[in-house]
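Chains as they are written, first to last, in this note's numbering: chain A, 661 to 1057; chain B, 661 to 1057.
A few of these clues could be false.
One copy or any two copies: either way a pair holds, since identical chains are not told apart in the list.
[As the list claims (entries may be wrong)] With a straight-line cut-off of 27 Å between C-alpha atoms, the simulated DSS-like cross-links for lysine-lysine are:
1) Lys918 / Lys762
2) Lys762 / Lys742
3) Lys918 / Lys742
4) Lys762 / Lys969
5) Lys969 / Lys742
By construction, these hints were calculated from the structure, which means they are not laboratory data. Treat the numbers as computed from the prediction; the structure is a model and nothing was measured.
Number of protein chains: 2
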Amino acid sequence: MTEQPLAGVTVLDFGQVYNGPYCGFLLAQAGARVIKVESLIGETLRARGTTSPSSYAFALLNSGKECITINIRSEDGQALVKRLAREVDVVFENFAPGTMAKYGIGAQALRAENPALIYASSTGYGSTGPHRDYLGMDITLQAMTGVMSITGEEGGPPLKSVAAFADFIAGTHLYGAIVTALLGRERTGEGATVDVSMQDCVFPTLATALGSYYAAGGVQPRRGGNRHPGRALAPYNVYEAADGHVAIICIREGHWRKLCAAMDREDLAEDARFARMSDRCANMDELDALVNDWARGLAKAEIFALAQKHGVICAPVQNLHDVVHDEHMLARGSLALRPHDGLGEIAQCHTPIRFRDMDPPPIEDVRWLGEDTERVLGELAGLSAEEIGRLRDAEAI
Amino acid sequence: MTEQPLAGVTVLDFGQVYNGPYCGFLLAQAGARVIKVESLIGETLRARGTTSPSSYAFALLNSGKECITINIRSEDGQALVKRLAREVDVVFENFAPGTMAKYGIGAQALRAENPALIYASSTGYGSTGPHRDYLGMDITLQAMTGVMSITGEEGGPPLKSVAAFADFIAGTHLYGAIVTALLGRERTGEGATVDVSMQDCVFPTLATALGSYYAAGGVQPRRGGNRHPGRALAPYNVYEAADGHVAIICIREGHWRKLCAAMDREDLAEDARFARMSDRCANMDELDALVNDWARGLAKAEIFALAQKHGVICAPVQNLHDVVHDEHMLARGSLALRPHDGLGEIAQCHTPIRFRDMDPPPIEDVRWLGEDTERVLGELAGLSAEEIGRLRDAEAI
């Protein structure tokens, strides 16, 4: 690669919170020009931080974006969005369903301005179907998609993952959909309307659990802590180390024999109680107790090193301090430690979409609310200083 | 759109389990020709099902792919991969780190055959950095990335989500990266080497938890069941309904007032204990008890209907039976109910990357191991029946 893959692509990013803004972050890190459009009071995540211009999450997701304000509730603001839609390649948003259409600037209206435009939206449930107008956020999507029903301690209540993965997996699909539409447009010249539902994006992540459900003849697997949902793989759990926990998974016979070697217990590989996967699953309590007994005598790092040496799939349960100082991610440029006004030094990520022959642009401080309004409107919409002044007076920008 | 956006793109899919195969599924559903390459004994997930040709997960992720076998441990097989690399646009894999290079068919070798080729790989930790050779699967990545450290009951051990989201979010990024490289290639004619690390892909999903960590001055938030990790939003929890559970989240003052209206408890909106978000967080136990008392008297569906009516963000905790019969996903074509040999009727998803003016190809039965070997090698590599016979005898295909 001799230039960033999305160089020359211009995007209006109406994203808010995680889903949309992450999509815009991926676009910006791939070389697109991303213009973040906020209301006159700014995006939700700007306000959560105690110091300006950003909370941690806002800083994480909005590097490299030009920041402008447009009041889409005002007619002047709506006319301005239409004007800008003629100049850009992509408009995307993750508002509550129907928000943009309510203000006359939905997919249909903007694609009428610019037939080559790609208009993309992501909502909880997508833009068609009986639940299309339902509100959704990460935690409610983890509920609706069945993820919570299978997650949690045995005998305990349903549980969410604290990772906001429903939001982020949707934002990643949104990115993929936009780039797919851009590629299709190269051949046909046509724009597209992209419709990404968070619910759709989460469904495939149930693959293991649904496999267990169908294999059992349509019976919901019991919640089981860190065990395999169908109790069909063992060892497969989180084990107690002397200084924390480690996760270990053995999916093939060879992995089990390697774990026996790592534990210096080759005798167990010959033990009839654990001979085949089905035996190990039938004697799962006993087996997990044996692995726990071994693990408790060692530090996480010792177990991890032994596991890697013997080809066992294992990792320490890192806490957040470990994660933001992860030497591997820092070494390969996945993370950068940067100063933040108010929070001190914070870890920010580059895009996970990495190319061996082209580094992504460096992470930058996020811009202030409306910092780029005048310049961008001058450049893209050809507005004069007088026109901009009038729009400001009318509270349209 | 008048044709599928990736029509004309040809891909060799060396994916296994979830991460790679999901990427191939997204490519196939966007119109690419996807040729799944398996070893002579077939991919891991073929073997897990008790009936052929597939387990549930294999059926889920391999619709629309042509299936061929190549023994990449044999020299003839390696020569064949090189031959095919000259005819395709993309080769991707998610083997253990370095597998393809070990057999002389890594990125460097294949891009030497075809400079326009996009070679993409996804591994646990990426292809650079000190941990690049470490093995990883979904559960160990949920450990390493810190996700487990923040997930679980208050006072309980670290917990995984049973959703295999580390695998699937990586497969989604892998798809996005490949399409990005294809788009870049339109301008430059150059190929690319894509490097997607599961660890990188999971990091951003910690946004809320890391925000809480930094806001507290670098202190790990306590695990707290379904509460906000920083205890900074309330109501925000999973509540007990008469027939299960519901998730409710109030992120703005207006959401709280709407919830009071939905509960027919407008008096609470005026209650000093719950006046502002900080008050509600300070009195979280009392507040959650009040919401629970209300919810226990109603069915999940009643609560959900009331919430939607009043603009409260809420969802029932659906179990897997609900999920595979979700009327909304069925109505909008996100799910299809299909017969499966051995498992009966199963729910399979279409791609979440949806366009309003072009439906994805229908879901098909997966092909048998090696079903398309002869035809594909004839078409793409120009092999005669004699050559194919010789390769079969040599156990290269």
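Going through the hints against the structure:
For the identical chains of this complex, Lys918 and Lys762 are inter-copy neighbours only, at 21 Å across copies versus 60 Å inside a copy, given an alpha-carbon limit of 27 Å. When the C-alpha separation of Lys762 and Lys742 is checked against a cutoff of 27 Å, the pair qualifies only within one copy, where the shortest distance is 14 Å, while the shortest distance between copies is 54 Å. Taking the shortest alpha-carbon separations for Lys918 and Lys742, neither the intra-copy value of 62 Å nor the inter-copy value of 33 Å comes in at or below 27 Å. For the homomeric pair Lys762 and Lys969, the shortest alpha-carbon distance between copies (18 Å) is at most 27 Å, but the shortest distance inside one copy (60 Å) is not.
Proximity of Lys969 and Lys742 under a CA criterion of 27 Å is satisfied in neither setting, with 60 Å inside one chain copy and 32 Å between copies.
Against the hints set out earlier in the document, violations occur for numbers 3 and 5.
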